[in-house]
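Place chains U and R on chain B using the hints.
One-letter residues, chain by chain:
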Amino acid sequence: MSLIHSLHVSFVVFLLGLVGIYLNRKNIILVLMSIELMLLGINLNLLSFSVSLDDLLGQIFALFILTVAAAESAIGLAILVIYFRLRGTIDIEFIRLMKG
Amino acid sequence: MTEFFPIFIFLIISLGLSLILVGIPFIVAPQKADPEKISAYECGFDPFDDARGKFDIRFYLVAILFIIFDLEVSFLFPWSLVLGEINFFGFWTMIFFLLILTLGFVYEWKKGALDWE
Amino acid sequence: MFYLFESDFLGLIPETFLLLGLSTLLGYGVWYEKGRESEMTSHQLWVGGLCLAFTFILLCESPLMNMILCFNTLIIDGMSAYLKALILLSTLCIFGLSFSYLQQERIKAFEYVILLLLATLSLMLMVSSYDFISLYLAIEFQSLGLYVLAALKRDNEYSTEAGLKYFVLGAFSSGFYLFGASLIYGLTGTTNFEDLGILFTGVGPTDLFTQGSVVVGLLFLSVAFLFKISAAPFHMWSPDVYEGAPTVITAFFSVAPKLALFGVLIRVFYLGFFDFLFSWQQIFFFCSLASMVFGSFGALAQVKIKRLLAFSSIGHVGYMLIGLATGSLQGLQGIFLYLLIYLVMTINAFSVVLSLRTHEGEPRFLLDLKNLNLKSPILALTFSLTLFSMAGIPPLAGFLSKFYLFFAALDASLYSLAILGVLSSVISCFYYISIIKLMYFHKAEEVQLKPLVGIDGQKGFLLGITFFGILFIFLYPSPFFLLSHAAALSIS
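Chains as they are written, first to last, in the UniProt record's numbering: chain B, 1 to 100; chain U, 1 to 117; chain R, 1 to 492.
So here's chain B without its partners, still in its complex pose (with noise of 0.2 Å):
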């Protein structure tokens, strides 16, 4: 409809990736997956305000941002397994080895 309205619903998921990375008490795989949500919100900013805009810049940084996501995602699982592996959890609490 407007450029307000789609910006509030990627603000929203925004907020949703952010705030689920805070308020996570179970594992990590939530912590990615919020991550993920977070770089979802951006994408979607910037798509609409390259719609706004009638700029195509917007649209290649957007993609830019896609092929980055998940080439870090993977390496975040990556680094995950290997942390499984050694641990046998990926329960939350048990990230404290080094205190703070």
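Treat the hints as calculated values from the structure; they're not laboratory data.
Built from N, CA and C at the ideal position, the CB exists for glycine as well.
It cannot be assumed that every hint is accurate.
[As the list claims (entries may be wrong)] Not close to chain U: a few residues of chain R, all C-beta gaps over 10 Å, as computed:
1. His43
2. Phe99
3. Leu115
4. Leu187
5. Thr190
6. Ile198
7. Gly212
8. Leu300
9. Ser384
10. Ile436
11. Leu471
[As the list claims (entries may be wrong)] With beta-carbon atoms standing in for the labels, derived distance ranges:
12. B:Ile60 / R:Leu64: 20 to 30 Å
13. B:Thr89 / U:Ile67: 40 to 50 Å
14. U:Ser39 / R:Gln104: 49 to 59 Å
15. R:Met67 / B:Leu86: 46 to 56 Å
16. U:Ile67 / B:Phe84: 12 to 22 Å
Here is chains U and R on its own, set in the frame of chain B:
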């Protein structure tokens, strides 16, 4: 908006049909749970162990490699559309990009990530 | 069409050489790995170091001094040349430190060298970037390599946990950066820093549109960068990551990404958003105060060496943010000078920590430093003088850099920053001196002290050079003044 109306009808019909197909047996059929009926089938014996196997890590590896090369292909699509306008320079730039990814491919081949699957 | 981009390749010669070099190393490593696992890492280290040395030479003899490349996405100027030189030097030092470390920790993965070279390449691209998109690609490039490096020791729980924490925080801060960048793009229609700078000329603090909306995007951007350089109040991840990661990788973390990120901060805020000075100056003012305070007070409570070094690096970032908050040429020169001296001090400190290895393993607690004077008096002297330099005691290098930054802050009327800087230097003096007391004056309880494993040639050379630098930069600082001034002038 009016051109999307058939899709809406389609959505309603498919939703309704699937709900009916799943819901009617759920309501009509008798449900008397018996310990013998609902236990896992293992050729007449009692189950020895949990039937789930350990998730093989090679599935994950193949999925990740697929994602990386799929993103490479997703860059190939717009390039192929505008190749007529970017002439030789665009061609050789994309070849350079593909060469870097081929280097990664050689690395993973030699490391044995593509074996046994 | 081809001739429009010819000079782009001339400008990117160092990066292209580094890319081709590391591709060759990767191919060589993976093809000939079969029979020679034991020597492969040292081969890669030597050839990788040579590759870096050649890149450094190519950088210094580059035919172009000031140029905008690749369709307004990259820029080469004095600051980028200076920071790229520092980044290459820091990676060379890390390679020097890794020879014995990889052997003693029995890390046989040659990909360590490849990942470090990739991170260096990305840091060089980060410093040259002139557009939000190229900056994002360079940041992610660097981060992905460093996530893997932090988790390099796969059978060590601390290392994998450090990698996981670093990954979550890095991805989180990249999300913030992207949100800020998307807001700026949406409000202005451009992502190029030069265009943004031109667009925003004449914006005053009372202009309602920009102060309302662009400042929000600016806030997200600055928070993202402050996360990445581990400034307080966004510093909670760095002690854990620094403690868990392998020590050589911790040394790389403390030095190289900070160099590049300060370059990025200067480019974004001095070139792109200089007219919003009154907004971002407050952000950096507050974060600089918080970093200096948290850095000095946090370090007082630490009992592990690497966490102490992490907190001291948070303090150093606080001092450098003073220079960023000034908005003046002297502040910029102060930052560049401080970065150079910080590089020298940190490499020295980590060389000392790496030299303290005994047969049981490397030192983790501060108490492992006790009675160093009896075990190796020269090492104790080196470390104590490095700690004095970090605290800012007069005839050493650290004093020079802090002195310059505090004068720049006073000139920009940021009096409270300068006063608090001096106060937190005094507080940090306290814990540095407590370490020195531990080394020299601790009661020798046990009869036999654990002997240290020897220092190899490369580490000894690095120790010597950095120690020499710390002692004598104060006597002849003018070449460094000239370099940093030239770098700063290129921004104005």
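Here is how each hint holds up against the structure:
Its beta-carbon lying about 17 Å from the closest one in chain U, His43 of chain R satisfies the requirement of being farther than 10 Å from that chain. The beta carbon of Phe99 of chain R sits about 24 Å from the closest Cβ of chain U, which is more than 10 Å, so the claim that it is off the interface holds. At roughly 12 Å, the least C-beta separation between Leu115 of chain R and chain U is larger than 10 Å, which holds for a residue marked as non-interface. Every Cβ of chain U is farther than 10 Å from the Cβ of Leu187 of chain R; the closest lies at roughly 27 Å, confirming the non-interface assignment.
Annotated as non-interface, Thr190 of chain R keeps its C-beta farther than 10 Å from every C-beta of chain U; the closest such distance is 21 Å. For Ile198 of chain R, the shortest C-beta to C-beta distance to chain U comes to about 28 Å, beyond the 10 Å cut-off, and the non-interface label holds. A cut-off of 10 Å between C-beta atoms confirms that Gly212 of chain R is not in contact with chain U; the least separation is 35 Å. Listed as outside the interface, Leu300 of chain R is consistent with that label: its C-beta sits roughly 44 Å from the nearest C-beta of chain U, beyond the 10 Å cut-off.
Taking the minimum C-beta to C-beta distance to chain U, about 45 Å, the non-interface status of Ser384 of chain R holds against the 10 Å cut. Distance check on Ile436 of chain R: its Cβ is at least 47 Å (rounded) from any Cβ of chain U, clearing the 10 Å threshold; non-interface status holds. Chain U leaves Leu471 of chain R outside its interface by the beta-carbon criterion, the shortest separation being 45 Å against a cut-off of 10 Å. Roughly 27 Å separates the CB atoms of Ile60 of chain B and Leu64 of chain R, a value that falls within the hinted 20 to 30 Å.
At about 26 Å, the CB distance of Thr89 of chain B to Ile67 of chain U disagrees with the hint of 40 to 50 Å. The hinted window of 49 to 59 Å between Ser39 of chain U and Gln104 of chain R holds, with their beta carbons roughly 56 Å apart. Take Met67 of chain R and Leu86 of chain B: their Cβ atoms lie about 48 Å apart, and the range 46 to 56 Å holds. In this structure the hint that Ile67 of chain U and Phe84 of chain B lie 12 to 22 Å apart at CB holds, the actual value being about 20 Å.
Of the numbered hints listed earlier, the single one contradicted by the structure is hint 13.
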